[in-house]
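Asks: Taking this note's numbering, the leading residue of the sequence shown gets 1, the next gets one more, and so forth.
It is worth saying that the hints were derived from the structure and are not from the lab. Think of the CB as a built atom: it goes at the ideal place given N, C-alpha and C, for glycine as much as any other residue. Heads up, some of the hints might be wrong.
Stated by the list, open to error - Keeping only pairs whose Cα atoms sit at most 20 Å apart, straight-line, the calculated SDA-like set for lysine to any residue is: (1) LYS139 to ASP155; (2) LYS50 to THR68; (3) LYS175 to LYS241; (4) LYS227 to ALA181; (5) LYS260 to LEU220; (6) LYS241 to SER96.
Claimed, not checked - Across the chosen pairs, the derived CB separations fall in these ranges: (7) LYS227 to PRO131: 15 to 23 Å; (8) PRO300 to ALA219: 20 to 28 Å; (9) ARG145 to SER213: 19 to 27 Å; (10) ASP261 to LYS175: 40 to 48 Å; (11) GLY71 to GLN282: 24 to 32 Å; (12) THR279 to SER340: 16 to 24 Å.
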Amino acid sequence: QTGASKCRIINGVEGQNSNAPGAEQQELFTQKLQQCCVLFDFFDSVTDLKSKEVKRATLNELVDYVSTNRGVLVEAAYPDITNMIITNIFRTLPPSDNPDFDPEEDEPTLEASWPHMQLVYEFLLRFLENPDFQPSIAKRYIDQRFVLQLLELFDTEDPRERDFLKTILHRIYGKFLGLRAFIRKQINNIFLRFIYESEHFNGVAELLEILGSIINGFALPLKAEHKQFLMKVLLPLHTAKALVLFHAQLAYCIVQFLEKDPTLTEPVIRGLLKFWPKTCSQKEVMFLGEMEEILDVIEPTQFKKIQEPLFKQISKCVTNPHFQVAERALYLWNNEYILSLIEENIDKILPLMFGSLYRISKEHWNPFQMIITFIRERTTQTSLAL
């Protein structure tokens with residue numbers, strides 16, 4: 001279609017009459033949905049300016065209409081609603097402008113059509129959250145294929161789009177019980193491809209954030225498939241080069257699992273020790289931070305099972321020549337709960353730690369003499385008490 005014909009199509013339903021009777025309003029709603037299926041080239045900044053603005057205004061009207069009116073989500077509207085959404089957001093993502101794109105260093109490529117796409121996402125969200133929304137009708141259109149296409153979009157470089165996708169997928173998971181297992185399976189597949197094949201996927205952090213909420217809602221006892229996901233997918237994610245981009249969300253998921261089922265603590269900590277970074281100090285600092293989060297919720301009986309391999313590793317960390325690794329390891333002693341666990345098991349832990357603590361106390365390269373002295377005093381006092 002030419003720009004002029006696009007303009008005529010959009011103008012044909014410009015300016016909804018809010019006082020129109022119900023049937024007429026519903027007809028206008030349908031027309032506006034259909035007209036918003038016209039797509040524009042946002043890489044061309046001079047063509048179709050009026051039509052683009054009219055579509056933007058129409059999308060705003062649609063968002064307001066589903067947000068403020070009851071009874072508008074009649075069964076006949078669902079095909080046009082979902083068709084407009086599918087037409088506007090589902091597309092093949094372009095290859096990155098920068099083949100060596102580094103999310104830590106480089107600016108992401110933002111979606112050119114965001115002035116329209118943002119409103120379509122907003123409309124989809126309001127549609128899902130409308131009190132009259134009926135999953136029993138919507139499931140004909142929001143199906144496995146819809147979910148697959150939605151998940152593919154998580155690879156977009158645009159963080160604004162990923163943020164909308166995260167909220168929308170979470171809503172779909174909550175409302176469509178029949179899609180839950182499928183959604184978990186597909187996220188599982190995305191992560192496995194990321195770990196073992198591509199090592200590239202922009203939306204890992206967002207998917208993990210959704211999973212954090214999903215894990216929180218798991219019933220007890222945990223199903224075998226959930227435990228397998230923890231051990232075979234979440235733990236190996238720690239090996240990713242880009243761990244820094246999603247580590248906070250990953251650690252949260254791990255802790256959620258351990259709070260659900262404390263018996264998983266031993267295999268998880270042994271798994272983390274197996275994947276412990278050998279050459280990357282930044283990752284080692286992250287691992288130590290995650291270990292503190294785990295120790296914060298560990299049960300004393302579980303602590304006894306892993307204390308020796310764990311403190312062998314921590315002993316290496318406090319003598320690490322990289323300043324930040326040693327610092328992060330020493331800060332574990334600032335945690336009162338961890339300190340109480342150490343004191344209860346000092347007969348096992350002191351022999352593992354004393355050599356390292358004594359060695360660094362003789363060196364003057366770091367400003368943590370007070371911490372080291374404090375640790376030595378606490379461990380010595382406790383061992384004397386024994």
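Asks: All hints, please: hold or fail.
Replies: Going through the hints against the structure:
1. At most 20 Å may separate the alpha-carbon atoms for a hinted pair to count; LYS139 and ASP155 exceed this at roughly 24 Å.
2. Distance check on the hinted pair: LYS50 and THR68 sit about 27 Å apart at the alpha-carbon level, beyond 20 Å; violated.
3. Proximity of LYS175 to LYS241 is assessed by CA-CA distance (about 35 Å); at most 20 Å being required, the pair is judged violated.
4. With a CA separation close to 14 Å, the supplied pair LYS227 and ALA181 stays within the 20 Å bound.
5. Annotation: proposed proximity of LYS260 to LEU220 holds, straight-line Cα distance about 8 Å (limit 20 Å).
6. Proposed proximity of LYS241 and SER96 is supported: the alpha carbons are some 19 Å apart, at most 20 Å.
7. Checked against the hint of 15 to 23 Å, the C-beta distance between LYS227 and PRO131 comes to roughly 37 Å, which is inconsistent with it.
8. Remark: the range hint 20 to 28 Å for PRO300 to ALA219 is upheld by a beta-carbon distance near 26 Å.
9. For the pair ARG145 and SER213, the supplied restraint of 19 to 27 Å holds, since their beta-carbon distance comes to about 24 Å.
10. Taking the beta carbon of each, ASP261 and LYS175 are about 27 Å apart, not inside 40 to 48 Å as hinted.
11. For the pair GLY71 and GLN282, the supplied restraint of 24 to 32 Å is violated, since their beta-carbon distance comes to about 55 Å.
12. Under the hint 16 to 24 Å, the C-beta atoms of THR279 and SER340, about 34 Å apart, miss the expected range.
When held up to the earlier numbered hints, the structure conflicts with 1, 2, 3, 7, 10, 11, 12 and fits the remainder.
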